[in-house]
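Just remember that this note's numbering sits 35 ahead of the position in the sequence shown, which is counted from 1.
Derived by calculation from the structure, the hints in this document are not laboratory data. Do not rely on the hints blindly, as some may be mistaken.
Think about it this way: if two alpha-carbon atoms lie no more than 27 angstroms apart in a straight line, the pair counts; the simulated DSSO-like pairs of lysine-lysine are [what the hints assert, rightly or not]:
no.: 1; residue 1: K76; residue 2: K396
no.: 2; residue 1: K490; residue 2: K186
no.: 3; residue 1: K396; residue 2: K186
no.: 4; residue 1: K460; residue 2: K396
no.: 5; residue 1: K490; residue 2: K230
Note that the structure is predicted; figures quoted are calculated from it, not measured.
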Amino acid sequence: MSSPKNKPGRNPAESHRQESAQLLIFNFLLILTLLTIWLFKHRRVRFLHETGGAMFYGLIMGLILRYAIPSPDPENSIVHSCENVTTSPGTLLLNVTDRLYEYEFKREIAKHNANNRQGNEILRKVTFDSEIFFNVLLPPIIFYAGYSLKKRQFFRNLGSILTYAFIGTAISCIVIGGIMYGFVTAMVNLGQLNKRDFYFTDCLLFGALISATDPVTVLAIFHELDVDVQLYTLLFGESVLNDAVAIVLTYSISIYSPTDNPDTFDAAAFFKSVGNFVWIFAGSFAMGSAYGVVTALLTKFTKLCEFPMLETGIFFLLSWSAFLSAEASGLTGIVAVLFCGITQAHYTYNNLSDEGKMRTKQLFEFMNFMAENFIFCYMGVALFTYQNHIFNALFIFGAFIAIFVARACNIYPLSFLLNLRRRRKIPWNFQHMMMFAGLRGAIAFALAIRDTDSKPKQMMFTTTLLIVFFTVWVFGGGTTQMLTWLHIRVGVNPDDELNRESVCVNSGSQQEVSNTKAESAWLFRIWYNFDHKYLKPALTHSGPPLTTTLPAWCGPIAKLLTSPQAYQDRQKEDDTDYIINNDELSMYYEDKAVPASSSGEEPGKNIPNQEQPGDKDIFHEG
């Protein structure tokens, strides 16, 4: 019988104790963060957001774990040579004194990091598997972003948001990639890098992952101060879609593989990557929307609303299934769960019981809050406990320059082009604030930590972590001062703002109404009409009956999908419970239904007095 000292592997009891200690560490970090958040809110402290505080506490804990806890097993730091193994197998069968053991590949460790801290089991355990971030922590954050989207303002600025999210992210990726390639070339000339360590595609990959903005700190302060609605919508909408674009773009660049020299341009590989980007984004969008539609139909044609607990459970599981199905199909679950959240908010939410609405909203709000703070705590811990950091001053300096230049190349030129068509221009102070609010956060960190198997990826991860620290602490902490310096309105009531715009529209000339209609709905008008006539009646209990909108030969399907409640509410012209609540778009729809007569009647004159679009009570209903 062998002695305990010679037993292979780890002691199960000791391993369990260390895992419990690991969870206890992060549990106490979250408790400390929550108490600090309460103190900051109580004292109205705005120079440091809760995410910055979480990173600070994580930093202190990582420092303690790194230097204060000795290695419990010095033998784990011994490096053994295996000259016969020339590859990196996922599973390694090792014959030790005629006994066969199985070992799994975990990660590559840089030689300069192979010191006694590798033997510290606690440090290894607090380094989470990157898949935990993508499969457990990020889905509730992204879903809540779509589920809580202010859809009225979002769709009114849809064209601008899509421009910033798609074209702006592509510009940012290319600019950062180009600048970083210049710095990498300088590092090769200085002998800091091997020429074959870093290719141009690696620089573009870094540009894609670091282009994922996460202005959670700025948006939280915007919400507390009631900043101008248009600025909040542009920044929030851009950050939501920008995350999805950056994730798909990162994957598309990672599969770009020229047949010859990686530094040369290969047209076939380029178009293959572009095709993959379009396919993955469109497929993920369709997957997430499909799960949202299935959930809407299920909640509409069943009596789940009588059992709010079951209703909430089905809602949660189908939403998470959108993410898992997309990942299992080779698509991007983050994009799928984002559009699933938007679809759930647009259709399914209105089929839920009052208790179900409250439960789903609070559930995902809580999950988003805890997951976000956990990730920022882990960032602070990882700065000292992660075992493969590569700090290169020149690369880090180039990255900071690149993200500022790329953000400027994104915001200012695109805002100029958008203002050529927008009736309500994006002023200079808004543009400066959007430039300032380009913080990096959870998405960039998760993309960087997902692949750290090579020296370039490890250098990218270390640099990304430093950029997140700097932007959250410096830019996030300076948000209030920047709002004052740029003279941006605060204390704006969104309802009063919409009421003022409604009065302007109702009292303005017909030409002004047409201009506003073209501005707010040119991209959305066709979709809105289709949604109002067909999708809402089919997926919810509201809207005109499908028997009045579908062709006669679709009669059986129309009767099957139309809710009895739709016939009862047939006389109601307003659409207050859905995407656009009595804004210009719904007014124009009503005016179209009651056209002006040839005798010169004004549009909307024949609408009953209690249903006039300008009526304050109806305007604020819902």
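Pair hint outcome, K460 versus K396 [Cα-Cα no greater than 27 angstroms]
Violated, at about 34 angstroms.
Given the proposed pairing of K490 with K186, does the C-alpha separation stay at or below 27 angstroms?
It is violated: about 43 angstroms lies between the C-alpha atoms, which goes past 27 angstroms.
Restraint status (C-alpha distance of K490 to K230 at most 27 angstroms)
With a Cα-Cα distance of about 12 angstroms, the restraint between K490 and K230 holds, given a limit of 27 angstroms.
For the pair we were handed, K76 and K396, check the Cα-Cα distance against 27 angstroms.
Between K76 and K396 the Cα gap is close to 22 angstroms, so the pair holds against 27 angstroms.
Pair hint K396 and K186, alpha-carbon separation not exceeding 27 angstroms:
Cα-Cα ~15 angstroms, so holds.
Comparing the model with each earlier hint shows violations of hints 2 and 4; every other hint is respected.
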